[in-house]
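The listed protein sequences derive, respectively, from chains R and U.
Quick note, the first sequence lines up with residues 4 to 117 if you use our numbering.
Quick note, the second sequence lines up with residues 180 to 293 if you use our numbering.
Calculated from the structure, these hints are not laboratory results.
Quick reminder that beta carbons are idealized off the backbone N, C-alpha and C, glycines included.
Between beta-carbon pairs, the in silico distance windows are:
1. ARG64/R with ARG242/U: 41 to 47 angstroms
2. LYS8/R with LEU190/U: 27 to 33 angstroms
3. ALA44/R with PHE239/U: 19 to 25 angstroms
Computed list of chain R residues with no C-beta within reach of chain U, every gap over 10 angstroms:
4. ASP4
5. SER13
6. VAL16
7. ASP27
8. THR29
9. THR66
10. HIS75
11. VAL81
12. PRO82
13. LYS116
14. PRO117
Straight-line distance between alpha carbons at most 27 angstroms, and here's what the computed DSSO-like set of lysine-lysine pairs gives:
15. LYS71/R with LYS8/R
16. LYS112/R with LYS8/R
17. LYS236/U with LYS109/R
18. LYS236/U with LYS192/U
19. LYS57/R with LYS74/R
20. LYS57/R with LYS109/R
21. LYS8/R with LYS74/R
22. LYS236/U with LYS74/R
23. LYS236/U with LYS8/R
So the chains spell out like this:
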Amino acid sequence: DQQVKQNSPSLSVQEGRISILNCDYTNSMFDYFLWYKKYPAEGPTFLISISSIKDKNEDGRFTVFLNKSAKHLSLHIVPSQPGDSAVYFCAAKDYGGSQGNLIFGKGTKLSVKP
Amino acid sequence: KAGVTQTPRYLIKTRGQQVTLSCSPISGHRSVSWYQQTPGQGLQFLFEYFSETQRNKGNFPGRFSGRQFSNSRSEMNVSTLELGDSALYLCASSLDRGTEETQYFGPGTRLLVL
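Isolated chain R, as found in the complex (with noise of 0.2 angstroms):
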């Protein structure tokens, strides 16, 4: 059973304009949540991530929105630039539970057009 969810897997956003990219999960007992970005051939690079004790947090063109009641989070990037395109991984922990592994999506592909 798939703990953490991804529905989108790909993603296609105009230069400038906002990509905003979904993630659901079904462990109301995760207590953290991450967003990672990875490059074919590399590893995933951290981008943000936010408390289950929060419900947003932004750095810099990224956001990341919190709904715990409805189990879903989403990344924002505003203005999407070129250099965004890449697999958009979505993870979450359980630390009490699971001593702290994360918890994967199956990743969304986000494709930003010049």
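Given the coordinates of chain R, work out where chain U should sit on it, guided by the hints.
Below, chain U alone, put in the same frame as chain R:
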């Protein structure tokens, strides 16, 4: 500060052989986790080591094993390789296992089993 390094970057083996992959964490990081990435299953947690002790293990067969040395460097071993073991193996390190601790990934080792 140097990032997580993994060696080798690429490896070709045949079925039945065994393989050892190495990971050097970011200086000062004591927790090392291993993940397997395949197109079908995405990123899946293998195991985590903290202060030379395996603290958590994912749902993989006993052919997959690992260890951590006193300098926090870690190795993982896969014995009796199967075709399905072909994957990108990623190592991630973090300072400790606290709730809001971020894991930083290395570039991965691409293993191809023929």
